[in-house]
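Colleague: Sequence:
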Amino acid sequence: MSRQIVVVVGLGASGIDIAREISQVTKEVHIASRQNEHRLGKISIDPYLNVWMHAEVDCIQDDGQVRFAEGAAVAADVILYCTGYRYHFPFLDLDELTVDDENRVGPLYKHVFPPKYAPNLSFVGLPVKTILFQSFELEAKWVARVLSGRAALPSEEGMLAAVREHYRRMEESGRPRRHTHALMPEWVEYMDWLAEQVGERRLEARRRDMYERALQR
11 MSRQIVVVVG LGASGIDIAR EISQVTKEVH IASRQNEHRL GKISIDPYLN VWMHAEVDCI
71 QDDGQVRFAE GAAVAADVIL YCTGYRYHFP FLDLDELTVD DENRVGPLYK HVFPPKYAPN
131 LSFVGLPVKT ILFQSFELEA KWVARVLSGR AALPSEEGML AAVREHYRRM EESGRPRRHT
191 HALMPEWVEY MDWLAEQVGE RRLEARRRDM YERALQR
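Numbered by my numbering, the letters in the sequence shown go through residues 11 to 227 in order.
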């Protein structure tokens with residue numbers, strides 16, 4: 011990619027990290043994202059000044075021109091898609107547990123336990139838009155406490171009711187199904203809840219503020 015013009019599609023953790031790394035060697039990096047239309051134009055990723063922020067991609071022309079929704083266009087040598095991934099569990103074929111086309115795994119109580127199969131089956135690491143590795147650790151500790159009898163789950167119906175309430179709140183707020191496991195803006199509430207389940211302190215304010223500032227950059 012040396013001296014090439016690269017378009018990075020997506021502004022999640024991977025997209026940001028990749029844009030930062032390749033900006034050291036590329037001629038230009040253009041980030042396309044529907045999440046940050048309020049900060050279009052040239053931005054600084056210290057100490058590099060060759061990064062631009064754009065709205066989402068409108069079209070890719072036959073000649074390699076990438077046209078963005080705000081009207082700008084660049085002749086891209088490389089297009090990197092950092093648009094996330096789809097959950098896929100081909101080894102599981104269970105009634106009342108599905109992964110739909112909108113990337114919703116469910117029903118899952120707190121994104122971890124399927125009510126019908128809890129506590130024997132659990133998922134660790136599904137949520138996004140949070141402090142990922144601390145979230146994974148807390149989820150794993152919660153599962154361990156449940157399996158060892160040191161923490162109790164609600165009844166199957168109680169867990170299902172909580173899942174339905176989560177879906178209802180999403181629908182009322184207009185959040186799409188594909189964001190079922192995206193914790194923003196409730197990520198602090200989720201982390202604090204997990205911490206209580208495993209007997210640990212809540213997330214420190216300084217770490218919460220640092221993460222939220224990073225998301226706004």
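It cannot be assumed that every hint is accurate.
Now the in silico label distances, taken between C-beta atoms and shown as ranges [as the list claims (entries may be wrong)]: (1) E199 with D73: 41 to 51 angstroms; (2) A79 with D111: 16 to 26 angstroms; (3) M180 with R44: 37 to 47 angstroms; (4) P164 with A79: 38 to 48 angstroms; (5) A83 with E199: 34 to 44 angstroms; (6) K126 with Q34: 41 to 51 angstroms; (7) Y97 with Q144: 34 to 44 angstroms; (8) P186 with Y127: 19 to 29 angstroms; (9) R217 with Y91: 29 to 39 angstroms.
Computed list of lysine-lysine pairs in DSBU-like fashion (alpha-carbon distance at most 30 angstroms, straight line) [stated by the list, open to error]: (10) K126 with K139; (11) K120 with K151; (12) K151 with K126; (13) K139 with K120; (14) K151 with K139.
What the hints contain is simulated information worked out from the structure, not anything from laboratory work. We put the beta carbon where it would ideally sit given N, CA and C, even for glycine.
Colleague: Name the hints, by number, that the structure is in violation of.
Modeller: 3 and 7
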